[in-house]
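Asker: Go by the hints and put chain B onto chain A.
Just so you know, the protein sequences line up as chains A and B, in that order. According to the working numbering, the residues represented by the first sequence are 125 to 836, in order. According to the working numbering, the residues represented by the second sequence are 125 to 836, in order.
For the record, the hints were derived by calculation from the structure and aren't laboratory data. Be careful, since some hints might not be right.
Identical chains share a label here; the pair holds if one copy fits it or two copies do between them.
With a straight-line cut-off of 27 Å between C-alpha atoms, the simulated DSSO-like cross-links for lysine-lysine are [stated by the list, open to error]: (1) K642 with K209; (2) K786 with K691; (3) K357 with K443; (4) K603 with K461; (5) K518 with K162; (6) K461 with K234.
There are 2 protein chains.
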Amino acid sequence: MLSLNEIAFFLNPRSVALVGVTTRTEPEAYNPLDPLLKTGFSGRIYAVNPKGGEVLGQTLYHSILELPEVVDLAVISTPREAVLKVVKECVAKEIKAIIVITQGFADGDKEGQMMQAEMNKIIQGTRTRLIGPNTIGVINAFTDFHTVFVDFHRQINHNCMISQSGIFLVGSADFTAGIGLGIDLGNAADVEVSDLLEYLGNNAQIKVINLHIEGIKNGRRFMELARKVGRKKPIFCLKTGRSEVGAKAVMSHSGSLAGEDHVFEAAFKQSGIIRVQDVEEMRSFNKTFLTYQSISGPRIAVLTISGGAGIATADAMSKYNLKLAQFSPSTVSRLKKVFPDWMEVINPADIWPAGMMHGYRHIYSLSLEIVLSDHQVDAVFCVTPAYLHPAQDKLLNISDLLNQAAAKHPEKPVAVWVYGPYRQEFASILEKPGRIVAYHSPERAMAALGALYHYHHRIKPALETTEEKEPLIAFNDQKITRVKNFFYTNRKQNNAMINFPELGELLQAYGIPTVSTKEAYNLAEALAAAEEIGYPVVMKVLSSEVTHKSDVGGVYLNLNSPALVEKAFKKMKTLELNQELKIQVLGVLIQPYVTNTDSIEVILGSKKDPVFGPVLVYGLGGIYTELFKDIAFRIAPINRTQALAMIQETRSYQLLLGFRGKPPLDLEALVNSLLNLGQMVVNHPEIQELDLNPLLVMPKGVLALDARLRLD
Amino acid sequence: MLSLNEIAFFLNPRSVALVGVTTRTEPEAYNPLDPLLKTGFSGRIYAVNPKGGEVLGQTLYHSILELPEVVDLAVISTPREAVLKVVKECVAKEIKAIIVITQGFADGDKEGQMMQAEMNKIIQGTRTRLIGPNTIGVINAFTDFHTVFVDFHRQINHNCMISQSGIFLVGSADFTAGIGLGIDLGNAADVEVSDLLEYLGNNAQIKVINLHIEGIKNGRRFMELARKVGRKKPIFCLKTGRSEVGAKAVMSHSGSLAGEDHVFEAAFKQSGIIRVQDVEEMRSFNKTFLTYQSISGPRIAVLTISGGAGIATADAMSKYNLKLAQFSPSTVSRLKKVFPDWMEVINPADIWPAGMMHGYRHIYSLSLEIVLSDHQVDAVFCVTPAYLHPAQDKLLNISDLLNQAAAKHPEKPVAVWVYGPYRQEFASILEKPGRIVAYHSPERAMAALGALYHYHHRIKPALETTEEKEPLIAFNDQKITRVKNFFYTNRKQNNAMINFPELGELLQAYGIPTVSTKEAYNLAEALAAAEEIGYPVVMKVLSSEVTHKSDVGGVYLNLNSPALVEKAFKKMKTLELNQELKIQVLGVLIQPYVTNTDSIEVILGSKKDPVFGPVLVYGLGGIYTELFKDIAFRIAPINRTQALAMIQETRSYQLLLGFRGKPPLDLEALVNSLLNLGQMVVNHPEIQELDLNPLLVMPKGVLALDARLRLD
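Only chain A is shown next, with the shape it has when bound in the complex:
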């Protein structure tokens, strides 16, 4: 994490050296001095170019070593070949902050990748921090400082943007309705998103944080910081590289690893980050959260000039978990007085007929006051047209009335959909006092109000709840020894893949019941094992090569006599003869045949992600896992609430509740298993992959019927 001081060097430097300033000044020269001089930055500016001389009235120093002071920030835009030398000089001068604008490092060829690694080495262990390379740098609209090398329209706002692409800074008026602080991390060789989160969370000028992420390095640190910051202000994230082709393109753009999208999705969920789908949603959410303090509930009143628009709004509400407010009796009776006799007062309220009778402005203003005073209404959505230019429109222009109402009821969002040819012009007028957002459609409005509700009533409370730190598993010395032995032995024997029965040791130590399993290497052993376990039994092939035993015919269920065990054993041995399978049958496993039509089979697992570490997976077992992708992911470890949420996220959750006449299943035991598994994979980072497949969830208890673990 960057300290406050370190951040100040980047965002609020007292002095800055622009290294690589060209002597050319025409627009195509992209002379970085020009736009900075224009914006009226009050700090000291030095320009550096080995040629020396003068440009735009500024002396050109031959090198950074020549400067009369140690500047706070060096901005390097030299050709690629010269960058490392300048970085070295900066470090030698003990300059605290470097921004490398130059492209062609991890975003370029092999040589560039090596140069970036070298760059990291140069600053390692020093007090110099570096943003970039391949960045447009920073914008601090509050102090007029920026490193953008093209002219651009600046629009200040109480938000910030950390991105991996310069367009989000320079295009911020479009994407985020302006910007307060912008940092383009580029390839994020040194400073990355987590380094800045806490600072932005504590910065009182910033009300909303925007992230554009292609990839990150330390997922857990990022989550931890996001959870902390999310309690104070919303974090919106546009994560790109979600598709396969997109992820490939990320590598050549910023040299980042895009990561698996479902893992990011889980991480965002767990850390309260609101994922925006595109730049239009980003802008709409920024405006919403910067305009409306909060929303007290999900109940929306709709005042509309058109019944059709009211219906579209109702549809959108359902989609975004908002509700049509049920008007209070007083609202109904007050509106009834002005509505035509034939018209029922309902929500959405079509005020057009009343408006035609009594005057549009009068009725709109009256209705607005009535519904805003209704204690069963949390926000009002207003539909009104822009058929003529607002200056010409004496009849249907209610911008002033809407803003008066919004001012009078600051606790209830007044959201507006103004449609028609003069939408833009009306929107500007409506939004100017900063009390109203004029949306482009009912869908956009409901998506934004839905997010506002979700943040204040779901995300924030969840982040504010202290994590339950239950000591899940009571570990006595004996258990600790068993677990230690398990890993020691398997490591020593170089067992990359561990199955039953060995794996049972570990699972049981972590409180996950496993079916009793006996190994048998010949028929006699198999028969003895079956006898001991008791009929009926299950026989499974024992072979290091097989992942899905049943796919190769390596599982026999319900063997209820020695004769059947013998037959199955002989068949099992013939698997070796199948040329296609190429497996060696070491022996068989014998287990009791646990059958219960009331139970269901689920899978529980964990897989190590390069960015986030162990990721837990839960879903319905059997072929349905693959078929329906009814699976939930979470970054481990999780708490009880999260474990339950994870299970509830799947459609198959209904099966656990007792589906169509079946008894409810042991949800608590399942939650415990998930919690224990999460604990285990965090405790033992050497676990690369672990699958309990299937885990039988019974009316009472759970039982792992098969499992496998891969060490890294």
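Answerer: Chain B only, in chain A's frame:
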């Protein structure tokens, strides 16, 4: 369907009577005469008001009976109480077209609903047709005729809009980038969407048809016409009232039945209608289809100023079934010459570094020409900024170059995302020559190009394919008699619900194999039936009250001895003792226990929809139907292609192909069953509901294990 003449009376009248014109002229009077006079309509206009006198320089006739001629069109905006009288007068005068603007009919109270019914009665059997009530009427921008009673900005375009809400006409500059013909059907008491489709399909001025539908009356007729028209031009539909709350609101807005959304979804699919999600998509699709003739394939080249934007575009492409073009070797080598050495030439192509070296305008123009000439590229998506006002931006404004390139390669769409504070200004310049669409985001652009591709390469060819009219079932006299008897007998006996074994008769006649089923009313009969069928058998409860037999414990599988049959029979009788179930056990059904771990159980069914008639349903059987909603719907009958598409639409389709080592199942037999079922429900409209649940799909053949049919 309206004849050409009838439509002309509405859209292109030579004379029009405005009935109910007020003597007031201030804006709040909504005097319909005023806006019509302003737009310069060249036909004869008569104003009618019982008070008489004069307004806006026009004589006010006391009644329509007083007019000097029989007008082509009467537009009624009197108070509700006066409407029916005027309609009667119009009919008496043999006026061919009436538009009723007045509200408060099916959209209002009980009285209004009765008045609308009365209105229909008045025109029934006459040569008068009626649009409305509760409508804003029509706009014909080509002839300057309209019935809109407020001032509005008109913007002409080669599209049309049939809606159930006036806002889509008056706000068309916003929703559809202008409008050529607009018809607001309001409550659609008489004229409905199907009446106009064919005319709009044949109208050469109209290139794109837009529909806003809340509900329709005759679904089949609508589909048939849409299929015909869709071959010539795209039909976009915004169907509202999709949610439960939305559907409720529809009833009070236009008095329509919103219908079940999944049924509409199926109907749209089958008739090639492109469903738009909201008004923003509607505008974007209108612009796209009116600007680009077609697109030759799904391969998109991306030229971008920002790698980050390229990635977002690649993500969006995957979502909308487009592909990143693979540049031809010639493109790669030509671009390589201007790209920096460290940079690989890939798609998306980030042209910024090359632009900085050789000039942005030069490189953009060169790259554009190179990729547009690439035969492996079907369209180009360009990302370029709007950081400064276009008039000021000498550096990055490439609007002229983009339009030149688009003009030179008219067969390949040049789509643009221009972002930044001056987006609107740039977009206007870019779109003016009518060759380019400037989108609001990469997602919007890809959604629109995806729809363009889908229409030209999927929808149109499918609509142009002649339907296969296979004589599916060879019906001989004997079969016909059997089927006739089946319905006759069941009708006569007042059997609302028909189960196995009776239902087997009908299914077999339609070529759907059913499991042999015997009824037994006492133990002796049950034992005899089991003996005859052969062990193991299945026993099911026979009771008219039970829908899901297994939910109440009314199914016993795998009974492999007389003793087990006896035990099951006795247990079955105890179901009557269960107070909660309240069922009477009439007897039991005995069937062979057909078991095959390779087979799967699916459901096949049909349900009569009030708008579309019999709707077929197909999905995975068992509890998964409910759990995963893995179900496909189609309006019956369907052809072979549609039956296959319906099955392929479900995720469980993979199970039929042979999932994880299992053999493939008999897809052909399943398709045949679907086709036969479709035929059956069309032949026998008295079938209200029919469920084959489950139908066993085996490696060879299918077999209905249970079924029920409800007559209406």
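Asker: Run every hint past the structure and note whether it holds.
Answerer: Each hint, compared with the structure:
Taking the shortest alpha-carbon separations for K642 and K209, neither the intra-copy value of 66 Å nor the inter-copy value of 92 Å comes in at or below 27 Å. When the C-alpha separation of K786 and K691 is checked against a cutoff of 27 Å, the pair qualifies only between copies, where the shortest distance is 22 Å, while the shortest distance within a copy is 35 Å. For a Cα distance limit of 27 Å, the shortest separation of K357 from K443 inside one copy, 24 Å, qualifies, whereas the shortest one across copies, 31 Å, does not. Taking the shortest Cα distances, K603 and K461 never come within 27 Å of each other, neither inside one copy (76 Å) nor across copies (66 Å).
In this assembly of identical chains, the alpha carbons of K518 and K162 lie at most 27 Å apart only when taken from different copies (17 Å versus 42 Å within one copy). Taking the shortest alpha-carbon separations for K461 and K234, only the inter-copy value of 19 Å comes in at or below 27 Å, while the best intra-copy value is 76 Å.
When the structure is compared with the earlier hints, violations turn up for hints 1 and 4 and for no others.
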